[in-house]
Every structure is written in structure tokens, then in C-alpha cells.
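*Asks:* Sequence:
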Amino acid sequence: MTSVYDSRILNLVIFSPLFFAALLVFLPKTEKGQIRAFTFVGMLLNLATCAWAWARFLPTSPVEYQLEYRMRWIDELGLSYHVGVDGLAMTLVLLTGILGPLVVLASWTYVDERVKEFHLALLVLQTAMLGAVCALDVLLFYVFFEAMLIPMYLLIGVWGAEERQMAATKFFLYTLVGSLLMLVALLAAYFLAAPPGARSFDYATLYNGLMSLNREVAACTAAGDCASVSAGAQAMVRWGPLMFLAFALAFAIKVPMFPVHTWLPDAHVQAPVAGSMILAGVMLKMGTFGFWRFAVPLFPVAARQYQVPIGILAVIGIVYGALMCLAQKDIKKLIAYSSVSHLGYCMLGMFAFTGEGATGSAYQMLNHGVSTGALFLLFGFLYERRHARLMSDYGGIAKVMPVFTAFFLVVTFSSIAVPGTNGFVGEFLVLLGTFKSNLPMWIAVAATTCVILGAAYMLWMVQKVFFGTVTHQENLGLRDLNAREVLAAVPLLVLIAVMGLRPQPVLDLLNPATERFLARANYASGKADPGSEDARVRVRVRSLPPKAAVAEVTPPQPLPRFMPAGRLTPTAAALAPQTP
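Going letter by letter, the sequence shown gives residues 1488 to 2067 in this note's numbering.
Just so you know, these hints were derived from the structure itself, not from any lab. Glycine included, C-beta positions come from ideal geometry on N, C-alpha and C. Among the hints, a few may not be true.
[What the hints assert, rightly or not] In silico BS3-like cross-links for lysine-lysine, where the CA-CA straight-line distance does not exceed 25 Å: (1) Lys1820 <-> Lys1657; (2) Lys1603 <-> Lys1816; (3) Lys1886 <-> Lys1816; (4) Lys1516 <-> Lys1603.
[As the list claims (entries may be wrong)] Pair ranges (Cβ atoms, derived): (5) Thr1956 <-> Pro1515: 40 to 50 Å; (6) Ala1710 <-> Ala1685: 22 to 32 Å; (7) Pro1978 <-> Glu1604: 24 to 34 Å; (8) Ser1715 <-> Asp1817: 52 to 62 Å; (9) Ile1803 <-> Ser1879: 24 to 34 Å; (10) Pro1683 <-> Pro2032: 16 to 26 Å; (11) Ala1710 <-> Leu1946: 51 to 61 Å; (12) Leu1667 <-> Val1550: 52 to 62 Å; (13) Ala2022 <-> Arg1559: 37 to 47 Å; (14) Leu1810 <-> Tyr1568: 22 to 32 Å; (15) Arg1543 <-> Leu1667: 35 to 45 Å.
Build the full structure now, drawing on both the sequences and the hints.
*Replies:* Given below as C-alpha cells:
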């Protein structure tokens, strides 16, 4: 049963971190303990609002976007503040909420300079990430998407390692260039989707407006004659592929896909533990989520045309990332390149355009956030003790850090998709969907083979770091995890086990979103009846609230001119003062 408060929940989810950031401004810089505790409480309350939203979300509801809130913003541009979540967005919201307090715990003693500014950046970044996932106005999504750049740039550039400024600049420029191209394509879609006077940046208006054009383009492309279609369809024939590529490039940089991935290893290596956790846990998912929500549904004909090239790039990323991991001596860089490989599976499953592939892609987004975020968290604890990233600086530390080793092994099994862990469910579904798709068979075979490479590089790293004899005297004095660090790591280990052993609740939440994604991806394929298919894929959202009525103001009346007493009206004469 829905409540009147449901439409306000997402506002609390998005803006509660920003509210705490505004209060944090008033705390003195010297009170580092208070700043950390206050930020931790703010993140916990944000997690509580995310859990509240999760509890109010109904997986079986026929409504696609739930917990919707919409208000007018700039009517002249067709811009509104519009938020809502489907199953995929809801799971990403909860993942972001869970990582928030863990990031603060992980950085409790890691960051000791400019502590206030660091936690302000974390809170602002939390709002930007949650806003991007919840936005149902495409320009609003773009605003949040770009807003993430500034706090992450500061996290890497101010609190990073030796070459932090280079890594931060590279991250910022790569993402900004792709985003600007996406903005140009977004404006083109805005003008194509609706006639003057009805234009809007709302996702429903854009998608529903482009739907008939995509149907025309698909039909004329199949017939081989696009000369007699409408002017809008002719524009889509000419510019649609370029618009799709602009969106795809922006999101491919964020994923990142091969060959626009080169900013990621530097960013991960130089970032503090909080930056690496947020990058791996949430920010990289903005790329895969962008493909899922915007690039493929808005331009299904072009997405179909580029299905095989993107599938090839995805499998190249899988193989390339795995081989680069085998060549690494730096532990953090190895984990970074493993992200390129794992997210290649997400893209491969998505562009298989099958039920199993799409479900596996969505599940793998969550898996990567949990598993790779946990790897960066645990290595951050080790780096804080030893300040060394090379495998050769370790060896045999299982003898001095048994609890840490046990935690790291569990996360490693998740990363290499051992049955019983969350990684197995996602990768199995992706590979099954790829084999059932119309992609070339060699792509599925290559992706399956790389599962072996994934196990090879992770187990090789574990062998060199944790087992054997202790070769460095400095490692004999390493202390095991303390209570705070155990508290930060245990929630991720629990998620690994629960998502691996009981995946069905999450799959039930994702299935409606997966079915709609596939229907929209296949919309222009010409395989279904246009009437029934239109009703199935059309986006339905809450209408804009009516404009507030403006009270009509009566213009002021001019004052009457002076009139002699003899010419006054009887009423005025009676009220006039009498002369004695």
C-alpha cells in the first residue's frame, strides 16, 4: 500500500548527505574526531533512507518508476525536477547507501590532513551519485553526472599518492570530453522528439517522442528505402547513429571500455582508499547504467547496428584486462585492471540482448561494486600499515595477519566467480546469455576462456602476497585487523555470501527492469506487432503538477481631483468635515 510520504523518500535519499555537508561547514577544522563521527552519522542516516526506499519499493507493481516525485523547474525549457526508480536503480541506490558509511570507516585514520574538506567532498559526491541514479529528467541526470567530477577530482588530486595531480587531470578531461559530446546529442534528441511548445527534457517525453521515429527508421532500413519517410525519421536516419555514438562514448569512458580505459588504472592507483572504493563501487556503474537507461532505449536501431562492434570491444576489454593483470607487479594496479575485465562482462551481457545476458549484466554491476570495492578496502588497510604496493614487498603475511587473510580470500573467491559467491551468479548468466545471442560464437568462447585467466591472476597475487615465508622483516610487525576495520569489511562479506547463496530476491527485483530494457532494445527489430509493442515499451510517468494560479491584481485607481464642496456627491458631502 502506497503512502503519501512515498513521493518524498527519494528527496531525502538524494539530499540528506548535502544537508549534512551544509551542517559540517560549521564544525571547526581542528575537531577531526567530531568531523569523522558527524560524517559517519550522516552516511548512516542516508543508508537508513535508502533502506526505507527499498522497503517501499514493490517488485511486483505494474508501475515502472516508483517513489516518483516531480515538480516544475524551468518551464520555458521543458526542464523539471523529476526523480523515480525502477528495479535496477533501486539496487544501485541501496549499494551506494551501503558504501557511504563504509568509506568513512575505511578513511578514519587514512586521511589526517584537510579532514573537513575531505568529508565535505564525500558527502557532496554521495548526493551527486544518488541524484544521477534517480533522475528521470535527462538534463537533470546530466547535471548530477557532471557534478560527480568535481568532488572525485578533489579526492584524487588532493588526498592521492605521488602522481595524484596527473591522475586527477586525466580522469577529469576524459570524462568531460565524453560528457560534452553527450550534451550535444541530448540537445539534438530534445529538438527531434517533440514539436515546438511541447519539448521537454523529461525521459518519458524524449523516449515516447523518438519511439515512432525509431519505428519508421527500422521499417525503411529493412525495406532498403528511406526516401519517403517523414522529416523526423530522415533526421534519425542521418544523425541517429552519431547521436548514439555520442552517448555511447560518454558512457564507455565512464565504464570504462577498451580503448578509452587508460584513465582508470592511474586514477585507482593514485586515489586514496575512499576514492578507489567509490570509483569501483558506484561511479563506474554510471557508465553501464547510462547505456541501460539512455543510450540503448533512445536509439535502439543504432544500438542494434553497433551490437557486434560493441560486443567485440567488450570481449577485448575482458581479455586485455586479464592479460594486463598477469603482467602487474603493483597490487592496486592489478585490481584496477581487473575492473576493466569484469565490467567487460557487464557490457557483453547487455549487448547480447537476451534475457539471461541482460539480467547477468545488471547483477554483475552490483557484484563488481561489492567485490572490487571490498578488494580496494582491504588493500587500503594493508597499505596504511606498510605503505607499499608491490607484491615483492610482501610474502607470508597470512602468518601475521590471519583474519585479514581470511577476509581477502573470501573476496578473491568472489572476484574469480567461485560457486556460492555473488560473482558466479552474474558471470554465469552473462555467459549463458551470450551463447544464446546472435553475437558471433567466438566472442562467447573467448569470454568464457577468460574466466580461467581471472582465476590465474588473482590466485597468483594471493600466493605471492599471503603465503610462503616472510621475506621482509617489516612484515613481521604487521598487526591484524582492528574492530573498526572488521566492522567496515564484514557488511561486504555478508553481501558476497547472501548474493551468492540467495540471489533470487535481487533477481526478482531486477527482472521487470530487464524485461522492459529488452523490449525497448528490440523495439525497432520488426519482430512484433507495432500496436502491442508500443503499449509495452511506452514510458509512463507522473504528470507535471498544474501551474500555480496567479491572482489577478486590480490596477490602482487614480485619486479623484479636488472638487468644490458644492459639487460633492450627497454621501461625500455628509462625510466632509463641517466648518464651525
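*Asks:* For every hint, state whether the structure bears it out.
*Replies:* These are the hints, each one checked on the structure:
Of the pairs offered as hints, the one joining Lys1820 and Lys1657 holds, with about 16 Å between alpha carbons and a cut-off of 25 Å not exceeded. With a C-alpha separation of about 34 Å, the suggested pairing of Lys1603 with Lys1816 is violated against the 25 Å cut-off. As the CA atoms of Lys1886 and Lys1816 are separated by approximately 22 Å, the hinted pair is consistent with the 25 Å bound. For the suggested pair Lys1516 and Lys1603, the alpha carbons sit about 6 Å apart, so the restraint of at most 25 Å is met.
Judged by the Cβ atoms, the range 40 to 50 Å given for Thr1956 and Pro1515 holds: they are separated by roughly 49 Å. For the pair Ala1710 and Ala1685, the supplied restraint of 22 to 32 Å holds, since their beta-carbon distance comes to about 30 Å. Against the hinted window of 24 to 34 Å, the Cβ-Cβ separation of Pro1978 and Glu1604 comes to about 27 Å, which satisfies the hint. For the pair Ser1715 and Asp1817, the supplied restraint of 52 to 62 Å holds, since their beta-carbon distance comes to about 59 Å.
A C-beta distance of roughly 30 Å is found between Ile1803 and Ser1879, which places it inside the suggested range of 24 to 34 Å. Range check, Pro1683 to Pro2032: about 23 Å between beta-carbon atoms, so the 16 to 26 Å window is met. A hinted range of 51 to 61 Å holds for the C-beta pair Ala1710 and Leu1946, which are about 54 Å apart. The beta-carbon spacing between Leu1667 and Val1550, approximately 35 Å, falls outside the hinted interval of 52 to 62 Å.
The supplied range of 37 to 47 Å is broken by Ala2022 and Arg1559, whose beta-carbon atoms lie about 28 Å from each other. Range check, Leu1810 to Tyr1568: Cβ separation about 46 Å, and the 22 to 32 Å hint is violated. Restraint check, Arg1543 to Leu1667: a C-beta distance of roughly 37 Å satisfies the suggested window 35 to 45 Å.
The earlier numbered hints that this structure contradicts are 2, 12, 13 and 14.
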